[in-house]
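Generate coordinates for the entire structure from the input sequences, incorporating the hints supplied.
Below are the chains, spelled out letter by letter.
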Amino acid sequence: MSAAKAARQTTGAYAIELHNVNVFYGEKLAVKDVSLNIQRQKITAFIGPSGCGKSTVLRSINRMNDLIGGARVTGEVVYNGENLYASNIDAVEVRRRIGMVFQKANPFPKSIYDNVAYGPRLLGVRGKKQLDEIVERSLKGSFLWDEVKNDLKKSGLALSGGQQQRLCIARTIAIEPDTILMDEPCSALDPIATQAIEELMRELVKKYTIVIVTHNMQQAQRVADMTAFFSIRKEALEGGKDRRWGVLVEYAHTPQIFESPQFEETERYIGGEFG
Amino acid sequence: MAVNTISSETQEYLRDEDAFKRNLRSRHFRGRLWRRFFQLALVAAFLALIALFFNILNSALGYVVEDYAINPITLAANGDLGALPEEELVMILVENRANRLPVYVRDYLYAGDPAVFTTLPLSALLSNTVLPAGTADLTIRELSVEQQAELLLNNIGQPQLIAIVEEQVIEPTILQTWSLTASLFERDQIEAEFQENYAAQGATLFFKSWINLDFLTSPMSSNPAAAGARTAILGTLYVVIVTIFIAFPIGVGAAIYLEEYTSGSQNSRTARINRLIETNIRNLAGVPSIIYGLLGLAIFVRALSPVTGGRTIISAALTMALLILPVIIINAQEAIRAVPSSLREASYGLGATRWQTIYKVVLPSALPGILTGTILGMSRAIGETAPLIIIGASTFILFDPTGLQSKFTVLPILIYNWTSRPQDEYRVAAAAGIIVLLILLLILNATAIILRQRARRSLTA
Numbered sequence: 001m002s003a004a005k006a007a008r009q010t011t012g013a014y015a016i017e018l019h020n021v022n023v024f025y026g027e028k029l030a031v032k033d034v035s036l037n038i039q040r041q042k043i044t045a046f047i048g049p050s051g052c053g054k055s056t057v058l059r060s061i062n063r064m065n066d067l068i069g070g071a072r073v074t075g076e077v078v079y080n081g082e083n084l085y086a087s088n089i090d091a092v093e094v095r096r097r098i099g100m101v102f103q104k105a106n107p108f109p110k111s112i113y114d115n116v117a118y119g120p121r122l123l124g125v126r127g128k129k130q131l132d133e134i135v136e137r138s139l140k141g142s143f144l145w146d147e148v149k150n151d152l153k154k155s156g157l158a159l160s161g162g163q164q165q166r167l168c169i170a171r172t173i174a175i176e177p178d179t180i181l182m183d184e185p186c187s188a189l190d191p192i193a194t195q196a197i198e199e200l201m202r203e204l205v206k207k208y209t210i211v212i213v214t215h216n217m218q219q220a221q222r223v224a225d226m227t228a229f230f231s232i233r234k235e236a237l238e239g240g241k242d243r244r245w246g247v248l249v250e251y252a253h254t255p256q257i258f259e260s261p262q263f264e265e266t267e268r269y270i271g272g273e274f275g
Numbered sequence: 276m277a278v279n280t281i282s283s284e285t286q287e288y289l290r291d292e293d294a295f296k297r298n299l300r301s302r303h304f305r306g307r308l309w310r311r312f313f314q315l316a317l318v319a320a321f322l323a324l325i326a327l328f329f330n331i332l333n334s335a336l337g338y339v340v341e342d343y344a345i346n347p348i349t350l351a352a353n354g355d356l357g358a359l360p361e362e363e364l365v366m367i368l369v370e371n372r373a374n375r376l377p378v379y380v381r382d383y384l385y386a387g388d389p390a391v392f393t394t395l396p397l398s399a400l401l402s403n404t405v406l407p408a409g410t411a412d413l414t415i416r417e418l419s420v421e422q423q424a425e426l427l428l429n430n431i432g433q434p435q436l437i438a439i440v441e442e443q444v445i446e447p448t449i450l451q452t453w454s455l456t457a458s459l460f461e462r463d464q465i466e467a468e469f470q471e472n473y474a475a476q477g478a479t480l481f482f483k484s485w486i487n488l489d490f491l492t493s494p495m496s497s498n499p500a501a502a503g504a505r506t507a508i509l510g511t512l513y514v515v516i517v518t519i520f521i522a523f524p525i526g527v528g529a530a531i532y533l534e535e536y537t538s539g540s541q542n543s544r545t546a547r548i549n550r551l552i553e554t555n556i557r558n559l560a561g562v563p564s565i566i567y568g569l570l571g572l573a574i575f576v577r578a579l580s581p582v583t584g585g586r587t588i589i590s591a592a593l594t595m596a597l598l599i600l601p602v603i604i605i606n607a608q609e610a611i612r613a614v615p616s617s618l619r620e621a622s623y624g625l626g627a628t629r630w631q632t633i634y635k636v637v638l639p640s641a642l643p644g645i646l647t648g649t650i651l652g653m654s655r656a657i658g659e660t661a662p663l664i665i666i667g668a669s670t671f672i673l674f675d676p677t678g679l680q681s682k683f684t685v686l687p688i689l690i691y692n693w694t695s696r697p698q699d700e701y702r703v704a705a706a707a708g709i710i711v712l713l714i715l716l717l718i719l720n721a722t723a724i725i726l727r728q729r730a731r732r733s734l735t736a
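So the sequences go chain by chain: A and B.
Mapping the first sequence onto our numbering, position 125 (from 1) lands on 125, and the numbers just tick up by one.
With positions in the second sequence counted from 1, the corresponding number in our numbering is that position plus 275.
Everything labelled a hint here was simulated from the structure, so no lab data went into it.
Just so you know, not all the hints are guaranteed correct.
Stated by the list, open to error - Label pairs and their in silico Cβ distance ranges:
| # | chain 1 | residue 1 | chain 2 | residue 2 | range |
| --- | --- | --- | --- | --- | --- |
| 1 | A | Gly161 | B | Ala721 | 36 to 46 angstroms |
| 2 | A | Val92 | B | Arg311 | 52 to 62 angstroms |
| 3 | B | Ala613 | A | Ile192 | 30 to 40 angstroms |
| 4 | B | Leu734 | A | Ser35 | 38 to 48 angstroms |
| 5 | B | Ser543 | A | Gly81 | 32 to 42 angstroms |
| 6 | B | Phe328 | A | Ile192 | 51 to 61 angstroms |
Claimed, not checked - To be clear about the criterion: a stretch of chain B counts as covered by chain A if any three or more of its residues have a C-beta under 8 angstroms from a C-beta of chain A, and this derived list gives those stretches:
| # | segment |
| --- | --- |
| 7 | 613-620 |
| 8 | 628-642 |
As the list claims (entries may be wrong) - To give an idea of the chain B side of the interface with chain A (calculated C-beta under 7 angstroms), a few residues:
| # | residue |
| --- | --- |
| 9 | Gly624 |
| 10 | Leu625 |
| 11 | Leu734 |
Treat the numbers as computed from the prediction; the structure is a model and nothing was measured.
Every residue, glycine too, gets a C-beta built ideally from N, C-alpha and C.
Rendered as structure tokens:
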């Protein structure tokens, strides 16, 4: 990405724009025609029933879908004025700018220190002093520092579930991305750990753009500035089978989605009638 | 709902307490029966192992009757040759085997072509040797016995002189052996038999452990009493280590490529080729080892003989590497596949390239499993005999292997060779060889297991 172009675009209102994004797995259409603009330094939540493709859309933003054999994305994901799926874009660079936190905390089987230093080391940071600084700043940034500062040599796997997830967040912010994608980051956590992560998100959003996929509508309500509701469309095929794909139904400010949704489908989902 | 539609018959059954209790008893009984079966399976395996060890140890230890051409007691106090200075050892040789002195010079000091040994002057034959004064231009035959003795004395160390004296002068021969059980429980009978048959000719009866330092450090010999396993131990170590150095990087590399670069590909052609290759690798793991021997003979020994030097360590190691490659590839593949994909995603998500992900995340996590496969491969390489017989490992060799292109023998071949000799004593020596082989296997495996544990600990600690 050219520096001039990036500089021009960082002042724009939108961190990421999705234009008519379709995602295919092999021949199968998984998500159809999603267009939405993600605002800078805001939390955007993706909600919707299982199988509606919200995670798929999330993973298409930092090209994680590339890792799945046969996955294909059409349409445009525009970031800093450039289509991330253009042929001259390196997925490695995309992921370095747009970090990701996963559903299940997945620290490496390495020490806490090495977990956080992993990203900076990939980028070629070698100095001990520099790494120490990055590790401390990142762990402080994810509210984990006070709990682990005395045993940074301990395995990341020895931490509790909530701590592991915060370690993963620290690991992500250690390489200073500007957007963080979170794929149901609290779904495996107890309410107290969930609360800690949500507080952390409110803190992180002062500096980062955050996109979160969640099954928990209260969570979306609590933390998100914007909410996108995805749903499933189906088409009957011969032999009693059907073909299903996900679509974006409605995208608006969170209070509007939850209090005065425009579509009946959204209202029914929020009212707990399906999902 | 479905519950309401259950037939009354079925509901009856669910409520029948007696039937449930009877049924529960039989369920527990079946469980106990299986448990007993598993227990017996373990006992059977354990008994088989005990029988194996007993059988080997039974032959490797026991009473022997040994006779000498010349009793060592007449040469040194208590028969301890180690107490004699070099001069006396040479004197013993001069007194007893004066006409063989040139042969010892040839065997221990000369490394060239034996055909010209007697015709060229000493200065041309023996380069790094201290020659007696005025003998440089003479051939070995022209030296007096005293000069030959001086040549030996100046250039051969005491341990080698002792070995020559033992083998050439004392000439121990084993007249009879008894097994360990016989030695322990039928001592009187052995004693009586000895007195009746052998005592008159001055032979001695003693308890001999065939595994001893001499056995480990002596080369092979045509005399079973003096035969050792040194050349075979060194040969085995050489071949196995070179094999691992060849097979490990190739096997792991192939596994990485199959798992990390081509698997999961939706491209149907790549996927099909991948499947074809994997199926073939799995089949190769079951190909009889003798076929690998034929392959090694054709390729490494014959076609590539300018590079490998023919029937050499490197040819054997390459053949063995081919043989254990499938084992290493399959196990490495399983180990790599078992690395959770969440770890790969985490790495990619932080902006790692594919190679960084493989090197920093996948390989460290897969290493214990990869090493397990390597241990299996190594064990197989140590024990294999057939392919090495085919490619022509030496069955009788007096020299230690010195490099990749030297001729060699290995323990399984030594054991096979000894067991097929007519003399009883060789069969006993073979038992000792088996023990050495097992211990070597244990040591090499233990090394690999320690490495594996270290790799595993670094993942959890």
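Verification of the hints:
Here the CB-CB span from glycine 161 (chain A) to alanine 721 (chain B) is close to 38 angstroms, well matched to the stated 36 to 46 angstroms. Between valine 92 (chain A) and arginine 311 (chain B) the beta carbon distance is about 58 angstroms. The supplied range of 52 to 62 angstroms therefore holds. For the pair alanine 613 (chain B) and isoleucine 192 (chain A), the supplied restraint of 30 to 40 angstroms holds, since their beta-carbon distance comes to about 33 angstroms. Between leucine 734 (chain B) and serine 35 (chain A), the C-beta spacing of about 44 angstroms keeps the proposed range 38 to 48 angstroms intact.
For serine 543 (chain B) and glycine 81 (chain A), the Cβ-Cβ distance of about 37 angstroms falls inside the hinted range of 32 to 42 angstroms, so the restraint holds. The given range of 51 to 61 angstroms is respected by phenylalanine 328 (chain B) and isoleucine 192 (chain A), whose C-beta atoms sit roughly 58 angstroms from each other. Counting residues of the segment 613-620 of chain B whose beta-carbon sits less than 8 angstroms from any beta-carbon of chain A gives 5, enough to reach three: the coverage restraint holds. Only when three residues or more bring their CB closer than 8 angstroms to a CB of chain A does the claim for the segment 628-642 of chain B stand; here the count is 6, and the claim holds.
Satisfaction of the interface hint for glycine 624 (chain B) is found here, the shortest Cβ-Cβ separation to chain A being roughly 4 angstroms, below the 7 angstroms cut-off. Hint on leucine 625 (chain B) holds. Least Cβ distance to chain A is approximately 4 angstroms, under the 7 angstroms limit. Residue-level restraint check for leucine 734 (chain B) holds (minimum Cβ-Cβ distance to chain A is 4 angstroms; threshold 7 angstroms).
Hint violations for this structure: none, all hints satisfied.
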